[in-house]
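2 protein chains.
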Amino acid sequence: MGNIAKNKSRIWAFLIAAYWLSIVTYIVLWQKYKHIINVRDQVLSANARPEQFTVLVQNLPPPTNGTRSEQVDAFFRKLHPDAYEKCLVVTKLHKSSKLWTKLDSLKRKLKHAEAVFGQSKTKDKPEGIRPQHKTGFLGLVGAKVDTIDNSKEKIKDLSVKLQAEQKRTIAEEQEASAFAIFNNRAVAAEVSQSAIATIASKWRTSQAPEPEEIVWGNLSMPYLPQLFRKFGIYFLVFLIIIFYMIPISFVSALTSLDNLEKLVPFIKSIVKIKVLNTVLQAYLPQLALIIFLALLPSLLMFLSKLEGIVSHSHLVRATAGKYFYFNVVNVFLGVTISGTVFNALKKITKQPGQIVSLLDASLPPQASFFITYIALLFFVGYGLELSRLVPLIIFHIKKRFLCKTEEEIRDAWAPGPFNYHTHVPADMLIVTIAACYAVLAPMVLPFAIMYFALGWIIVRNQALKVYIPKYDSGGRMWPHMQARILAALVISQITMLGYFSVKKFVFSFLLFPLPIATLIFAYVCNKLFYTAFRVTPISLVSTDLKDMPSVASLVEAYTPTCLTPEDKFEDAEKFEDARSTATSRTSSGITSPA
Amino acid sequence: MGNIAKNKSRIWAFLIAAYWLSIVTYIVLWQKYKHIINVRDQVLSANARPEQFTVLVQNLPPPTNGTRSEQVDAFFRKLHPDAYEKCLVVTKLHKSSKLWTKLDSLKRKLKHAEAVFGQSKTKDKPEGIRPQHKTGFLGLVGAKVDTIDNSKEKIKDLSVKLQAEQKRTIAEEQEASAFAIFNNRAVAAEVSQSAIATIASKWRTSQAPEPEEIVWGNLSMPYLPQLFRKFGIYFLVFLIIIFYMIPISFVSALTSLDNLEKLVPFIKSIVKIKVLNTVLQAYLPQLALIIFLALLPSLLMFLSKLEGIVSHSHLVRATAGKYFYFNVVNVFLGVTISGTVFNALKKITKQPGQIVSLLDASLPPQASFFITYIALLFFVGYGLELSRLVPLIIFHIKKRFLCKTEEEIRDAWAPGPFNYHTHVPADMLIVTIAACYAVLAPMVLPFAIMYFALGWIIVRNQALKVYIPKYDSGGRMWPHMQARILAALVISQITMLGYFSVKKFVFSFLLFPLPIATLIFAYVCNKLFYTAFRVTPISLVSTDLKDMPSVASLVEAYTPTCLTPEDKFEDAEKFEDARSTATSRTSSGITSPA
Numbered sequence: 121m122g123n124i125a126k127n128k129s130r131i132w133a134f135l136i137a138a139y140w141l142s143i144v145t146y147i148v149l150w151q152k153y154k155h156i157i158n159v160r161d162q163v164l165s166a167n168a169r170p171e172q173f174t175v176l177v178q179n180l181p182p183p184t185n186g187t188r189s190e191q192v193d194a195f196f197r198k199l200h201p202d203a204y205e206k207c208l209v210v211t212k213l214h215k216s217s218k219l220w221t222k223l224d225s226l227k228r229k230l231k232h233a234e235a236v237f238g239q240s241k242t243k244d245k246p247e248g249i250r251p252q253h254k255t256g257f258l259g260l261v262g263a264k265v266d267t268i269d270n271s272k273e274k275i276k277d278l279s280v281k282l283q284a285e286q287k288r289t290i291a292e293e294q295e296a297s298a299f300a301i302f303n304n305r306a307v308a309a310e311v312s313q314s315a316i317a318t319i320a321s322k323w324r325t326s327q328a329p330e331p332e333e334i335v336w337g338n339l340s341m342p343y344l345p346q347l348f349r350k351f352g353i354y355f356l357v358f359l360i361i362i363f364y365m366i367p368i369s370f371v372s373a374l375t376s377l378d379n380l381e382k383l384v385p386f387i388k389s390i391v392k393i394k395v396l397n398t399v400l401q402a403y404l405p406q407l408a409l410i411i412f413l414a415l416l417p418s419l420l421m422f423l424s425k426l427e428g429i430v431s432h433s434h435l436v437r438a439t440a441g442k443y444f445y446f447n448v449v450n451v452f453l454g455v456t457i458s459g460t461v462f463n464a465l466k467k468i469t470k471q472p473g474q475i476v477s478l479l480d481a482s483l484p485p486q487a488s489f490f491i492t493y494i495a496l497l498f499f500v501g502y503g504l505e506l507s508r509l510v511p512l513i514i515f516h517i518k519k520r521f522l523c524k525t526e527e528e529i530r531d532a533w534a535p536g537p538f539n540y541h542t543h544v545p546a547d548m549l550i551v552t553i554a555a556c557y558a559v560l561a562p563m564v565l566p567f568a569i570m571y572f573a574l575g576w577i578i579v580r581n582q583a584l585k586v587y588i589p590k591y592d593s594g595g596r597m598w599p600h601m602q603a604r605i606l607a608a609l610v611i612s613q614i615t616m617l618g619y620f621s622v623k624k625f626v627f628s629f630l631l632f633p634l635p636i637a638t639l640i641f642a643y644v645c646n647k648l649f650y651t652a653f654r655v656t657p658i659s660l661v662s663t664d665l666k667d668m669p670s671v672a673s674l675v676e677a678y679t680p681t682c683l684t685p686e687d688k689f690e691d692a693e694k695f696e697d698a699r700s701t702a703t704s705r706t707s708s709g710i711t712s713p714a
Numbered sequence: 121m122g123n124i125a126k127n128k129s130r131i132w133a134f135l136i137a138a139y140w141l142s143i144v145t146y147i148v149l150w151q152k153y154k155h156i157i158n159v160r161d162q163v164l165s166a167n168a169r170p171e172q173f174t175v176l177v178q179n180l181p182p183p184t185n186g187t188r189s190e191q192v193d194a195f196f197r198k199l200h201p202d203a204y205e206k207c208l209v210v211t212k213l214h215k216s217s218k219l220w221t222k223l224d225s226l227k228r229k230l231k232h233a234e235a236v237f238g239q240s241k242t243k244d245k246p247e248g249i250r251p252q253h254k255t256g257f258l259g260l261v262g263a264k265v266d267t268i269d270n271s272k273e274k275i276k277d278l279s280v281k282l283q284a285e286q287k288r289t290i291a292e293e294q295e296a297s298a299f300a301i302f303n304n305r306a307v308a309a310e311v312s313q314s315a316i317a318t319i320a321s322k323w324r325t326s327q328a329p330e331p332e333e334i335v336w337g338n339l340s341m342p343y344l345p346q347l348f349r350k351f352g353i354y355f356l357v358f359l360i361i362i363f364y365m366i367p368i369s370f371v372s373a374l375t376s377l378d379n380l381e382k383l384v385p386f387i388k389s390i391v392k393i394k395v396l397n398t399v400l401q402a403y404l405p406q407l408a409l410i411i412f413l414a415l416l417p418s419l420l421m422f423l424s425k426l427e428g429i430v431s432h433s434h435l436v437r438a439t440a441g442k443y444f445y446f447n448v449v450n451v452f453l454g455v456t457i458s459g460t461v462f463n464a465l466k467k468i469t470k471q472p473g474q475i476v477s478l479l480d481a482s483l484p485p486q487a488s489f490f491i492t493y494i495a496l497l498f499f500v501g502y503g504l505e506l507s508r509l510v511p512l513i514i515f516h517i518k519k520r521f522l523c524k525t526e527e528e529i530r531d532a533w534a535p536g537p538f539n540y541h542t543h544v545p546a547d548m549l550i551v552t553i554a555a556c557y558a559v560l561a562p563m564v565l566p567f568a569i570m571y572f573a574l575g576w577i578i579v580r581n582q583a584l585k586v587y588i589p590k591y592d593s594g595g596r597m598w599p600h601m602q603a604r605i606l607a608a609l610v611i612s613q614i615t616m617l618g619y620f621s622v623k624k625f626v627f628s629f630l631l632f633p634l635p636i637a638t639l640i641f642a643y644v645c646n647k648l649f650y651t652a653f654r655v656t657p658i659s660l661v662s663t664d665l666k667d668m669p670s671v672a673s674l675v676e677a678y679t680p681t682c683l684t685p686e687d688k689f690e691d692a693e694k695f696e697d698a699r700s701t702a703t704s705r706t707s708s709g710i711t712s713p714a
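For the protein sequence lines, the chains are X and W, in the order given.
No gaps in the numbering here: position 444 of the first sequence is 564 in my numbering, and each next residue is one more.
No gaps in the numbering here: position 190 of the second sequence is 310 in my numbering, and each next residue is one more.
Certain hints may be false.
Copies of one chain are not kept apart here, so a pair can be met inside one copy or by any two copies together.
Subject to a maximum C-alpha distance of 27 Å in a straight line, what follows is the list of computed BS3-like cross-link-like pairs (lysine-lysine) [what the hints assert, rightly or not]: (1) K152 <-> K590; (2) K350 <-> K647; (3) K287 <-> K215; (4) K322 <-> K154; (5) K154 <-> K350; (6) K322 <-> K152; (7) K254 <-> K264; (8) K350 <-> K152.
Just so you know, the hints here were simulated from the structure itself, not pulled from any lab data.
Nothing here was measured: the structure is a model prediction, and the numbers come from that model.
Work out the full structure: start from the sequences and follow the hints.
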């Protein structure tokens with residue numbers, strides 16, 4: 121659009137394109153939402169999942185008489201005498217979890233030592249070499265002891281301690297929340313959707329998270345402090361977004377070597393080498409940006425955890441949301457505006473009063489930045505992703521020097537879950553860029569299409585066949601993504617509105633209905649479809665099931681690993697391998713009162 | 121504050137006052153909310169109200185096999201075999217309702233005629249004069265007939281027709297919504313809060329409105345059209361608010377006779393008469409404003425009804441909300457800004473470039489307008505309210521010329537329900553004025569206090585002892601009022617922020633946290649307390665009841681009057697007098713399938 125003169129009739133074509141873009145987006149999103157709801161329905165109604173039978177009750181008031189579990193039992197037994205089974209009160213599990221982790225690492229150490237001992241039995245030395253270690257700091261100082269014997273002894277000690285601690289925790293460390301277990305999915309769904317106490321900060325019910333994704337430490341946060349914490353964290357994230365603006369502005373100001381030359385004249389001599397020039401021109405500034413952004417997701421994940429979110433999938437969504445807004449404000453708006461302002465300022469100082477015509481000329485050139493940005497992402501990013509080069513190197517180093525037992529090798533090879541909280545916002549940023557430049561500078565589009573076409577093949581393959589998911593939220597990421605896509609659309613519509621005005625196109629007011637239409641579309645979709653993602657609709661779970669899970673299996677699922685009796689959990693470990701490394705379930709816990 | 125010079129240290133006092141005002145408002149509102157929730161809890165848990173046993177199911181999809189009632193029965197009977205009793209499918213009742221109204225008026229006519237006949241039996245004429253009327257247009261033309269005989273005949277005919285029509289309606293005019301009746305309050309509350317279908321536009325459940333306040337015509341509106349209708353009506357109300365701005369601006373521009381003199385010089389001769397001058401000065405412009413506003417509530421009520429709201433109490437709240445924003449934008453902002461601008465413009469044309477200092481000088485004078493406005497409201501408004509002069513005059517006219525039977529006299533005397541939809545926004549406007557001028561021009565405060573002190577005595581008396589409520593929403597107006605009071609507070613805080621800046625007070629940025637604090641306070645209150653007003657918390661209705669209402673009585677309550685068998689409803693009329701005139705329940709209806 122940079123080539124179109126002001127107020128020409130050709131601008132009409134762009135106006136029509138803007139409408140076309142919006143309408144096609146609405147239609148596609150509408151159909152996708154419906155499709156995903158259908159898939160989700162099938163998944164939810166067919167399988168009896170433990171979380172469908174379990175209601176998380178948070179913020180219980182102090183019991184007036186009797187224990188916590190009596191309090192919960194009394195209420196639900198009266199309400200649903202047939203359907204209610206029992207409750208598991210959540211406990212503070214700091215100490216048990218610590219002991220459990222220690223015990224677990226000792227067991228690993230023992231196995232490792234046994235493997236080392238086994239491998240040392242060569243033909244020459246059939247008796248082998250018993251591994252030894254020093255008992256002092258980091259195994260560097262202190263008396264040397266036989267590792268196998270020493271470990272066995274310690275394990276014995278710790279097992280006794282852990283059992284005592286488990287009993288103490290169950291009895292004394294009960295917190296103000298519980299899992300209520302029902303034998304009827306429909307009743308559990310109804311209870312989880314109902315307000316129980318008149319003041320909403322008490323007896324808050326919700327569907328329990330999947331057993332594997334519970335954030336134990338957050339289950340018993342008081343309601344009001346959590347609310348204020350949330351505000352505090354939103355404010356902090358807001359500050360982070362604003363504060364990071366400054367370095368990114370610098371990076372984007374240095375985008376083109378032309379700028380660098382103007383600012384740092386001695387660079388000219390380097391730039392004269394043609395090959396280096398090309399490479400620097402294309403990749404240097406964007407690479408800095410990408411590395412810079414890689415530091416962020418963990419921080420945002422940590423902040424989201426402080427918000428008091430109880431399930432890991434929700435945590436991932438909250439992080440993805442924050443990261444998306446960071447990306448849009450800092451990468452997209454930051455580059456567009458400060459790149460523009462930087463280019464423009466130079467000329468304005470010479471000829472002030474021509475701001476409008478300058479903006480007009482310097483918005484489209486930023487498109488080239490984003491084209492190289494996208495290209496870099498899909499050449500380097502997808503390349504790394506597909507080859508899994510870094511994990512491969514780490515694996516081989518580990519295998520060579522650290523791993524002795526089969527279990528250790530398997531752990532080293534394990535790819536972990538798919539990182540939705542970084543992949544989704546990154547893709548959504550490309551959507552934003554594509555939506556904003558689709559009409560103004562359509563050259564971005566082929567690159568965006570290539571990005572998503574390759575992504576469809578590569579990332580889909582990785583997500584389905586490489587990474588191992590710990591839990592299955594049933595497509596709950598979709599409403600989140602839909603909201604972000606619509607946010608991108610609104611941004612693009614407002615950008616176009618501004619840009620059409622700069623072009624002094626008299627009919628640019630015709631673009632006004634577009635952002636409003638998008639907001640209404642988002643509202644309608646939310647009203648119609650989102651409920652089914654937020655809660656479990658009754659009609660899905662009122663069908664009869666062939667095999668109901670036993671109450672014992674539900675209790676087991678919602679008991680944290682560090683509170684499971686030791687013999688039981690060792691059995692479990694042998695049989696269910698898919699059940700993750702279980703260390704994620706040890707920072708707080710649960711107790712089932714008799 | 122108009123007397124304080126710029127950037128003086130005395131402004132600090134006003135800043136502290138602004139914080140004081142906000143904090144006191146928060147504390148009072150918080151305590152009130154808690155208090156009202158307590159009262160509501162007691163009311164809801166103690167009495168078994170029919171709406172607690174009844175769930176309104178809207179937007180049923182077309183039944184795949186069988187009838188509508190079979191469809192609803194099948195679902196709920198499976199879900200709650202013990203608690204579910206039966207369902208009443210809502211029907212289109214245009215024709216039955218018409219017949220019923222006709223029959224009712226004929227019966228009244230008959231009674232009237234009999235009374236006239238009875239009174240005509242004086243000592244002189246023991247046989248009396250049988251009343252007669254003409255059958256043609258408005259009783260003016262056509263053949264003369266005996267009214268009593270003629271009415272009796274017609275009633276006989278109509279009764280037969282009505283019975284046939286009732287049967288036909290029940291069988292053929294079923295719509296896509298139903299009342300599901302349960303024998304357990306807790307289960308009904310759970311079902312009413314649960315999402316049933318995956319797509320929220322189907323099988324929408326909510327607690328049934330009280331029988332007396334159902335808006336029958338709106339029960340079966342399709343979901344999406346209703347949503348769009350709502351947007352359309354919001355837009356329309358927005359236009360009305362903007363459009364009415366113009367006449368109100370004129371009215372307020374004419375506020376002071378000084379202005380009138382300047383504009384219409386010949387008025388000077390009238391103004392010279394001292395008494396007239398005083399009266400005109402004080403009351404003329406405000407009176408115009410008040411009369412002008414009296415036209416509006418009915419229109420807003422009509423528009424709210426078009427939104428598809430199903431209960432009358434909700435209708436009243438929706439109207440009150442619209443009316444409040446109308447009041448704030450047009451009366452409060454309109455008068456403040458355009459009065460100011462009008463006064464200011466004159467001087468600016470002479471000395472341009474002094475806008476800031478002029479604004480500074482002309483904001484406080486508007487306080488005097490609002491002082492007289494409030495005074496007028498409580499002298500004239502409360503006087504009329506307390507004496508009920510207009511209804512008294514109308515009653516005596518009716519009694520003298522129209523009423524013959526006791527029933528007719530009672531109807532003429534009936535004060536009807538309290539008009540919350542006009543009283544609440546009017547009071548909220550005074551709250552807004554008081555909050556905004558409390559710090560800037562505290563002279564408004566004594567008048568506002570007097571207004572509410574008198575209101576406490578007078579309006580409370582009227583509401584409790586004069587007006588007859590048709591239904592009892594259980595304090596659901598409070599969250600609405602709280603929201604409006606907080607809106608008033610935000611407006612006042614922003615006004616102060618602007619005014620402090622005009623005063624060039626360097627620490628005016630200290631006021632920034634106030635509006636944000638108000639928004640957070642509103643959010644927290646909403647989260648904590650509003651749920652208990654929106655839905656019925658389970659803990660309230662899980663207590664055992666001494667006397668449960670019978671299913672038959674519930675069915676009767678949720679059957680519209682025009683579908684009740686004729687003999688039954690005549691009995692009912694004799695016994696329950698409080699049950700309103702029943703005409704409100706005749707625009708659509710319900711059918712109970714066997």
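Name the hints, by number, that the structure is in violation of.
none
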